[in-house]
Structure formats: structure tokens, C-alpha cells
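*Asks:* Listed below, chain by chain, are the residues.
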Amino acid sequence: AQSVAQPEDQVNVAEGNPLTVKCTYSVSGNPYLFWYVQYPNRGLQFLLKYITGDNLVKGSYGFEAEFNKSQTSFHLKKPSALVSDSALYFCAVRDLAAGNKLTFGGGTRVLVKP
Amino acid sequence: NAGVTQTPKFQVLKTGQSMTLQCAQDMNHEYMSWYRQDPGMGLRLIHYSVGAGITDQGEVPNGYNVSRSTTEDFPLRLLSAAPSQTSVYFCASRLGQQGSYEQYFGPGTRLTVT
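As they're listed, the protein sequences go chains W and U.
Numbered per the working numbering, the first sequence spans residues 5 to 118.
Numbered per the working numbering, the second sequence spans residues 8 to 121.
Keep in mind that the hints are not guaranteed to be accurate.
As the list claims (entries may be wrong) - Some chain U residues flagged as far from chain W (calculated, every beta-carbon gap over 12 Å): (1) G10; (2) Q13; (3) G23; (4) S25; (5) D45; (6) N69; (7) P82; (8) E109.
Unchecked claim - Covered, in the sense of this in silico footprint (three residues per stretch, anywhere, with C-beta under 8 Å from a C-beta of chain U), are these stretches of chain W: (9) 62-73; (10) 78-85.
Treat the hints as calculated values from the structure; they're not laboratory data.
Here a beta-carbon is modelled for each residue, glycine too, at the ideal position from N, C-alpha and C.
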């Protein structure tokens, strides 16, 4: 069965500092990996995805993520965090071998302090 | 495009009552799904549909029914509400079954069952 782990419930970072949100996954086949962001009282918004090709994926709002097959990780990064990046972030994986179902991690709350 | 819309935004039910959560999308997406979001548990798939007339169960289907009579609409029915169904419900859609497509989420319905 496929699974996703986000080991940190919350990440605190000062504005202007680098931001990293961790995600590891477990699948039986080749993964499709996604990051979504949820602002308060809103639905989830797509940030970026890894399908194939370059391990470094660039997405919306200056975010990027690095796919590491040997460590089964897909960490989300931003070089310089903004207060407006404060939100709930979800990693998700889709395994074609598991019927195309999208499995979400538990979410990581990011708090960027001015 | 309005994207994915959900009604109502908030609902309070008494135990045993039934209701329907509405979901519509105007992007001509084949694939639609319903998730529930509970603290620390990410999003869990309730039901999904790969096209009009076709529905299937997700990981937490008990107590919920769905139908897909048109491409645009995918209502979720609570047959006899229970306090355990207190949650935030999100409808989502994507272009097709291909695993690389990202999902688009509605704004959510916050349901409280007393």
C-alpha cells in the first residue's frame, strides 16, 4: 500500500529565512508526487508536482521541491519565506500500481514570523 | 471558470438527519472525488467517480452515498448523520484518470453533527 509521511506537525521560520517542509513516501511502483497548500478556511491549492524527468521541480509562489528516489523523499523548499506563506501544506502521492488513488500526508503547518 | 463549487459552506445537523452536499465543476473534468479532512489525518477519500454514471468507494465510504448523473455534478449524501461525520468535506476534480493530472479543490463544507 502506498503512504506518505510528513514528520513535522509544524515548522516555524523567520521571514526571509529558507523554508523546508519534509515529505517521505512509500509506493510499490513509480510515484507521482504533489504538494498542495491550504490557507485558512480555503480549499487546497496545487503548488507543484513531480511526474518524471528533472529531480528539481519548480512550482507556484517561488516554491520548489526535490525528488530523491534513494531516500524516497520529496521535500518542499523556498529560499526566502514570506509571512504570507503561513499555511497548511500537504504532500500527496499517486501510485499507478495502486489504482491511481491519491494519498495525502497528515499536513504540516508552516508559521512564518516577521 | 468558477472551478469547483460547493454548497453549503457550513451546516449543522442533528444525529440521524440526512442531507446532501452539493459539488459542481465547470471544467469538463472526467474525474471527481470527495474527501473529508480531520485534524492530523490529512485528507481521506470517501467516494470517487471516473465519469458520468460511474462511481466507486474510497477508503472511508461508510455512511455516504454518491451519484454522478452528469459530468458537472457530484453530490454527496449523508444517509443518517452521526457525530463521527463531523468534519470538513472537500470536493475535487481533475481532467482524467491519468495519474499526472493535478486535482482542483472546492472551498469545502464544514459539517457539525450534534
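*Asks:* For each hint, tell me whether it holds in the structure or not.
*Replies:* Going through the hints against the structure:
With a least beta-carbon separation of about 9 Å from chain W, G10 (chain U) fails to lie farther than 12 Å from that chain, contradicting its non-interface assignment. Not every C-beta of chain W lies more than 12 Å from that of Q13 (chain U), the closest at about 8 Å, which undercuts listing it as non-interface. At roughly 28 Å, the least C-beta separation between G23 (chain U) and chain W is larger than 12 Å, which holds for a residue marked as non-interface. At roughly 24 Å from the closest C-beta of chain W, the C-beta of S25 (chain U) stays outside 12 Å, upholding its exclusion from the interface.
Interface exclusion of D45 (chain U) from chain W breaks down, the closest Cβ pair being 10 Å apart, not more than 12 Å. N69 (chain U), annotated as away from the interface, keeps every beta carbon of chain W farther than 12 Å; the closest lies near 17 Å. Once the 12 Å rule is applied to beta carbons, P82 (chain U) is consistent with being away from chain W; the minimum gap is 17 Å. The non-interface label for E109 (chain U) is inconsistent with chain W: the shortest C-beta to C-beta separation is roughly 4 Å, within 12 Å.
Check result for the segment 62-73 of chain W against chain U: violated, 0 residues qualifying (beta carbon to beta carbon below 8 Å, three or more required). Figure legend: the segment 78-85 of chain W, annotated as covered by chain U; annotation inconsistent (0 residues with Cβ-Cβ distances under 8 Å, at least 3 required).
This entry does not satisfy hints 1, 2, 5, 8, 9, 10, going by the numbered hints stated previously.
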